[in-house]
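Protein chains in written order, with the numbering used here: chain A, 1 to 206; chain B, 207 to 318.
Hints may contain errors.
[Said to hold, decoys possible] When the alpha-carbon atoms are kept at most 27 Å apart in a straight line, the in silico DSSO-like pairs for lysine-lysine are as follows: (1) 142/A to 228/B; (2) 228/B to 155/A; (3) 38/A to 228/B; (4) 252/B to 158/A.
Hints are computed from structural coordinates only; laboratory data are not their basis.
Residues per chain are reported as follows:
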Amino acid sequence: MERFEYSRDREAVNAARARALEALLIEKGVITSETVDKIMAIFATEMGPFNGAKLVAKAWVDPAFKTLLAQDTMAAVEQMNFATKGAGAEGEHMKAAINTPEVHNLIICTLCSCYPWPILGLPPYWYKDPSFRARAAREPRKVLGEFGLNIDPTKEIKTWDSSAQIRWFVVPERPEGTEHLGEEQLAALVTPESMMGVAIVKPPSA
Amino acid sequence: MQTNFEHFALSSMMGKSDMPPKDNGSLCFGAPWQRQAFGIALALSKQGVFEWDDFRSEMISSIAAWEVAHENTDHSWDYYEIWLTVLERMVQRSGLLGDATQASPKALLSSP
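Start from the sequences, fold in the hints, and give me the full structure.
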């Protein structure tokens, strides 16, 4: 009980310190009350149309589509009637890496920053960071841990290196407890990070 | 894609001792004040109030000092509390606020 009171007080003190600092900086005209929101908006997902999430959700509810997606990704993408039809710059040669209970897939590009943008939108900042690319190839488990994703040690991690010829994306595993959800609701759960393999898809309430 | 300051700042911490906590791929904040402190630090560095490298050096040495002073099982570890302390120090050092006496959090707590 005492410990709880202590930590609550500490939280309140920290909150007051942050508030006081912000107020002083606003008063001095250094920042405005919108500065923090503006800065943080940069870190929100910067992805384009969410085509990839639709592909993933369809694969979850339709086993035949999932098989097609794995074997002939472009044929599966064609079926979706996306505005970009999967064609166009950097979209021509996409391939899906399907996560299973035994294998977790991670996409990187050590040579360039190839990225299937019709499916995933524009790549996030860290994807082009040279040290991310090099380390993800060398020690994927450790790098994923730094993303707050700890993969079960018994699970294999496969790293797929995109190139000018093939752009990979990940089909994450369907989370448990989503049996009652429809395709559209499922698509809303799929994050760009999960289609890069640096995150998993969590059930709605998690 | 052009790299903006925010992206540079965060990717420069990847894999280093001062990397902020993440959950399932994203930055995670346990409370609004943590997000506030994070955002203010980035904004001030972006404006040139202090250098990002200098802020990070302070973070790294403060984290190292905490680790020396505490057992690694100590549950009182709070990444963003250290962040906030470093941020206050950097602002003070910049002279930005003149000799404005630092607002006392205790006093603020009791004020309405």
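27 Å Cα cutoff - pair residue 228/B, residue 155/A:
21 Å, holds
Would the pair residue 252/B and residue 158/A pass a check requiring their Cα atoms to be no farther apart than 27 Å?
Outside the cut-off at roughly 37 Å; violated.
Take the C-alpha atoms of residue 142/A and residue 228/B, compute the straight-line distance between them, and say whether it is at most 27 Å.
Distance ~13 Å between residue 142/A and residue 228/B Cα, so the pair holds.
Please work out if residue 38/A and residue 228/B have their alpha carbons no farther apart than 27 Å.
20 Å, holds
When each numbered hint is compared with the structure, a violation occurs for hint 4 only.
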